[in-house]
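Asks: The listed protein sequences derive, respectively, from chains A and B. According to our numbering, the first sequence is numbered sequentially starting from 1218. According to our numbering, the second sequence is numbered sequentially starting from 1218.
Treat the hints with caution; some may be incorrect.
No distinction is drawn between identical chains; accordingly, a pair holds when it is met within one copy or between any pair of copies.
What the hints assert, rightly or not - DSSO-like, lysine-lysine: derived pairs with alpha carbons at most 30 Å apart:
| id | residue 1 | residue 2 |
| --- | --- | --- |
| 1 | K1259 | K1488 |
| 2 | K1219 | K1259 |
| 3 | K1527 | K1568 |
| 4 | K1392 | K1539 |
| 5 | K1488 | K1392 |
| 6 | K1522 | K1259 |
| 7 | K1488 | K1445 |
| 8 | K1259 | K1469 |
| 9 | K1220 | K1568 |
| 10 | K1488 | K1220 |
FYI, nobody ran anything at the bench for these hints, they're computed from the structure.
Number of protein chains: 2
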Amino acid sequence: MKKVAIIGVGNSKFGIRQDVNLAELTFESVKPAFEDAGVIGKDIDLLVLGSVGSGGWYEEMLPAVIAAEYCGLTGAGLLRCEAACASGSAAVFTAYSAIVSGNTDLALVIGLEKMREIDTSTTMELIGRAGYYLWEFHNFGMTFPAYYALYATSHMALYGTTEEDLARVAVKNHKYGAMNPLAQFQREITIDDVLSSPVVSWPLKLYDCSPITDGSSAIILASEEKVKELGIDTPIWISGIGSSSDTANLSKRLNYVGLRSSVIASQRAYKASGIEPGQVEVASVHDCFTIAEIMAYEDLGLCRKGDGAKLIQDGQTEIGGKIPINLDGGLKAKGHPIGATGVSMMYELTKQLREEVEKTRQAPLNNYIALAHNVGGTGHYCFVTVLRR
Amino acid sequence: MKKVAIIGVGNSKFGIRQDVNLAELTFESVKPAFEDAGVIGKDIDLLVLGSVGSGGWYEEMLPAVIAAEYCGLTGAGLLRCEAACASGSAAVFTAYSAIVSGNTDLALVIGLEKMREIDTSTTMELIGRAGYYLWEFHNFGMTFPAYYALYATSHMALYGTTEEDLARVAVKNHKYGAMNPLAQFQREITIDDVLSSPVVSWPLKLYDCSPITDGSSAIILASEEKVKELGIDTPIWISGIGSSSDTANLSKRLNYVGLRSSVIASQRAYKASGIEPGQVEVASVHDCFTIAEIMAYEDLGLCRKGDGAKLIQDGQTEIGGKIPINLDGGLKAKGHPIGATGVSMMYELTKQLREEVEKTRQAPLNNYIALAHNVGGTGHYCFVTVLRR
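Excised from the complex, chain A in its bound form:
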């Protein structure tokens, strides 16, 4: 089977980016990715863009077309992928498949979202349409914090997870976000800060929730032949992708203490890569809410079901622990421009595997295996990607 490597990466500053338009925000990640790989737009055969909000929180209906023109890729194969908050990973999956299939040797993947052009209450309403819109949203007025609060209360009831445990995730991710110049939030916080922040949907408080963010991220994927042809020094190989899904209707889920799609997608990714969970040395997991990171520990097989809170209590997911997680600040502190997030995980893990991040937040590596876990909706979609140097 053809091998595929990440040969160039770029990431915009995440945050409220009213200083740039959609095309400019895109180029802010694409330009460094081009420079990193040593290629330009016309070298690239295929552009796959992950984004959700077209015609919703931003007005352009065809963001992929605007990105292609602005970045000099006109004429390339072109499409947009959507898998809610896992759209970036869906775009990576599509470009990866196209290279393995022999359709192209060099592809650009962009994750893009501009969510702060409209008032955040409207954005919250649109995000709340994830899942079974006509049932849950229309009948019960569910929003995303409310969905994850269901999971948090269930996890607390069954496993004794506490509000302090949830807060510990936010504290850890803010700690690393403070070391990441691209992060939306660069301030450390305390457990008390989290516990005393306004309740959004109990037990989730403001600091348990990831923010609404503008941002873009870009990676360039190449076939093994192209890696050689371009003389790339440190290609980062995609060694396997697993994906899965779950019911639209939350009332049909088996339980509310984990995401079945995370379990299945990760098993598929481990199998495709020929690795066990214990071999992963650094990971980015989908911490849209603090409870989501604790469930991810368990669903990905990094600990047993119900032991997630213990992992964060013991500092096992910080540098120096068993498996450092979200060393870029995660969705919680780096920010969560939803279509960009999955691509931004590839950006971060590529930089980690190349040992190019700020020294204070570099994971210690021996076997150079990384994992990205990207969830769409409330586990409606999940993509897990394993990278190796």
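Using the hints, position chain B against chain A.
Replies: Relative to chain A, chain B alone:
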């Protein structure tokens, strides 16, 4: 390289479908596709859905999730593709790539659009955002008929194409639509009917324009191994896909007499398939407006640039002519549920290559080679797919 076949197809009735909701409309094409292939939802590893209007002309934000649950595919890999009116083909491209890459052996592709839930003037506004929204739409109020009218006037000025020539395309496609029980319009029309219909954007009149349609289409793709395992009688092989794109900004196009993305995508598809344009025996081309079909003849290399009108005048694109085109009625008469259209072209051409359509509209075949040409926006995207029996 792994071979990929279409082993099951289904298509809903196209039209104004206020009798069904989004999930029901989807299942109306998926059920016959399952029956045709002899599989059920849980056999399938990957669902790729092509759709544009989520949160726009229909309210659900995650149509792929709703489709997966309703059709019994929960747990499968899942994503949505968007390439404007070529979204269905983008979904086919993605599922095809995933099978060739070895990720999956059996995939379901659904094209879906429900455009008649809101008033058509709002839908027209949303469609008009294709292209460079902030420039063309906001500054000039361009709508889609206006975009294609630019092309029509240019083609008329340069090549002498007439309003009657445009009308001939509508007459031909309504003739075949009248033979297709799935078509939105099942009434034959005359050249006079077209010429006397209300002007929408000169020279395009009402009958030069495809309608706004609800509909779904589904195809099941399988690897060669799976085709053997399932004992499929008449697999229809995807022998090559070419894709390309063009500028967002129409003012940067080279000319207005053809679509460069159609030229490039078709050349890529011919190369991937190892065929010449003259070998194609039946085709579905993107006749969103009558001028688009005439340009497609030329861009696909079925005649020389500027000779498109002659092809329709001479009846060469009807049954009995050199290359019968749009024997299902095309977008013009079958209808154009934009995310479904590319998949519906695969449905129609699979049925043609199997010789299973109504006898009066069956193309005569010797080598059993078919071509689908699906454009997004005003050539912003293009996918060309070659099928062989």
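Asks: At most 30 Å between CA atoms: does that hold for K1488 and K1392 within a copy, between copies, both, or neither?
Replies: neither (33 Å within a copy, 53 Å between copies)
Asks: How do K1220 and K1568 come out at 30 Å by Cα distance, when the copy is not named: within, between, both, or neither?
Replies: within (20 Å within a copy, 36 Å between copies)
Asks: Treating 30 Å as the Cα threshold, decide for K1488 and K1220: within, between, both or neither.
Replies: Cα proximity of K1488 and K1220: in one copy and across copies (16 Å, 24 Å).
Asks: As a check of your reading, is K1522 near K1259 (CA-CA no more than 30 Å) within one copy, between copies, both or neither?
Replies: between (48 Å within a copy, 26 Å between copies)
Asks: Since the copies are identical, ignore which copy is meant and state whether K1392 and K1539 lie within 30 Å (CA to CA) inside a copy, between copies, both or neither.
Replies: Answer is within: at 18 Å inside a copy they meet the 30 Å cutoff, but 69 Å across does not.
Asks: Please sort K1259 with K1488 into within, between, both or neither, judging by C-alpha distance up to 30 Å.
Replies: Intra 36 Å, inter 20 Å, cutoff 30 Å: inter-copy only.
Asks: Can you give me the call for K1488 and K1445, within, between, both or neither, at a CA distance of at most 30 Å?
Replies: both (27 Å within a copy, 25 Å between copies)
Asks: Given identical chains, is K1219 near K1259, meaning Cα to Cα at most 30 Å, within a copy, between copies, both, or neither?
Replies: both (23 Å within a copy, 28 Å between copies)
Asks: Indicate which option fits the pair K1259, K1469 if close means a Cα-Cα distance not exceeding 30 Å: within, between, both or neither.
Replies: Between copies only: 16 Å across, 47 Å inside.
Asks: Please sort K1527 with K1568 into within, between, both or neither, judging by C-alpha distance up to 30 Å.
Replies: Close inside one copy (28 Å), not across copies (58 Å); limit 30 Å.
Taken one by one, the earlier hints fail for this structure only at number 5.
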